[in-house]
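Mind docking chain L on chain G? Use the hints.
Protein sequences, first through last, are from chains G and L.
FYI, full-length UniProt numbering numbers position 189 of the first sequence as 189, with every residue one higher than the one before it.
FYI, full-length UniProt numbering numbers position 3 of the second sequence as 3, with every residue one higher than the one before it.
Read the hints as simulated data drawn from the structure, not as lab findings.
None of the hints are false.
Label-pair restraints from in silico Cβ distances:
1. L:E133 / G:A248: 55 to 63 Å
2. G:L16 / L:A171: 38 to 46 Å
3. L:G38 / G:I12: 39 to 47 Å
4. G:R17 / L:R220: 45 to 53 Å
5. L:R26 / G:Q202: 32 to 40 Å
6. L:R112 / G:L16: 19 to 27 Å
7. L:R112 / G:Q202: 26 to 34 Å
8. L:R26 / G:V27: 58 to 66 Å
9. L:E133 / G:I187: 37 to 45 Å
10. G:A13 / L:R220: 48 to 56 Å
11. G:V24 / L:D113: 35 to 43 Å
Looking from chain G toward chain L, a few residues come up when the C-beta cut is under 7 Å (computed):
12. L7
13. E203
14. A212
Only some residues are given here: those of chain L computed to face chain G with a beta carbon under 8 Å:
15. P75
16. L91
17. L102
18. V105
Cβ coordinates follow ideal geometry from the N, Cα and C atoms, glycine included.
Given next are the chains, with one letter for each unit.
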Amino acid sequence: MSNWFYLHFRAIAHALRRLAGQPVGTVLSALVVGIALSLPGGGYLVLDNVASLARGVSGTPEISVFLDAGAQKADAEALEQRLKALPALASYRYVPRDEALKQLAAGGLGDVLGGLGHNPLPDAFVLTPRGEDPEVFEQLATEIRAWPKVAHVQLDSAWVKRLHALLALGRSAVLMLAGLLGFALVIVTFNTIRLQILTQRQEIEVSRLLGATDPFIRRPFYWFGGLQGALGGLVALGTVWLGVRVLAQPVARLAETYGAVFTLNGPDWRAALAIVLFATFLGWLGAAISVRRHLAST
Amino acid sequence: MIVFDEVAKRYAGGYTALAGVSLEIRHGELVVLSGHSGAGKSTLLKLIPVIERPTSGRVLINGQDVSHLPRAAIPYLRRNLGLVLQESRLLFDRSVFDNVMLPLVITGHPPRDAARRVAAALERVGLEGRGKEMPAGLSGGEQQRVAIARAIVNRPSILIADEPTAHLDPAYAADIASLFRSFNEAGVTVLVTTHDASLFAASRPRRLVLAKGLLTEDTRPTGRLAHEEAA
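If we strip away everything but chain G, and leave its shape as in the complex, we get:
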């Protein structure tokens, strides 16, 4: 096992020497990888911020359940028992028709309601569902609509649907962008390693004659690709962080004009780690494909 570590240590040292030996090439490759990765990285960050903003501003949607005009107190109690048994429900509130009338009167419609001579409003329940999935809200409303003594169910979830659709679209776009740029980065690393193999052909041949195994020869290239990817990941992280620093104030000022308080947040440590690991993986993948393709011919 210690021999295994020693060989990897040698391979890392070898890869670092190669990276340090061509500083211009190393910096340019890291910039290419970093700038390309900062696009999906930044996109993900924007989506994350928008999602948290939407959650903060709008809260969770409610479902209003209006009972039949002829429903009695016993009917309301029976309905309440059924609501209690619903697992998708976080909480509910019973609004008797008298209370609803008082609320409307307090809202400035007292004269209009007084002219009617009777209370036209039904008893109602206001429900707060669990989670944020519009599909679940819709299912819940449909189920309750079929209950006896329920006259009308109002689900105000159109905006939630739109938001989720927009976020899903954004996520798909970011994923597609990440996939395309990731593929491009694999090609960049593939080509870099191909050139490395060509320039080290003599060393590879001599090593083979002296008893080097394929893993021994491949290892430094894997590390080279991985380290180049990691450097690119750090550049991407720096670019995203810089973008957040530059945009934070203008975005906050824009939010202020809408009467909202909004802070553009940079990537947390998990997101930062994910970006660097993703870049490292892409570098390793490009190296692995290139080594497999080109070492067989040396």
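Showing chain L alone in chain G's frame:
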């Protein structure tokens, strides 16, 4: 022991380098293989570390048939052989020390012990204290000595050299020839190809001559082997 059993090698295009060679090389022998260019000397040598594979026949090393050795097993065979090629094949971006160190790095030798072995190998070829120099600053003979140090640093039991004196002036060539004799005296089986067998005459080697892919001469030295005499 190295055994060639009816070994033939034909290259793509139809060129026949070896046309059925059979011979045995015993442990501790010093064998000088000569012949004209294209006689098959290099091909015969390349069959031992499986740089080439025979078209027919078998090559056995210590009883193991290496003709059909799986690709993954070849490196482990080569680690037990010392290999000196016609050109020194040194890495010119690395120091003499690092060049000689390479076989020990490949086998994952502990660095401290490896450094001792490299120093000993350099001393053995007369290059003590010159490990920090770069190969480009050495003469052709010195570069070949570095290649020899690299070949012996793993303490192989078989040393194979393909025209190690080919591009050297006579004085350097004689030095290199005496080095191989000294390794043989230490018990190493040595197989050398050369155009000038007289360089090794003082060592009383076994002389093989190849012509057009066939073994035409096999002259064994009279008396005991060199390393037996030394003992």
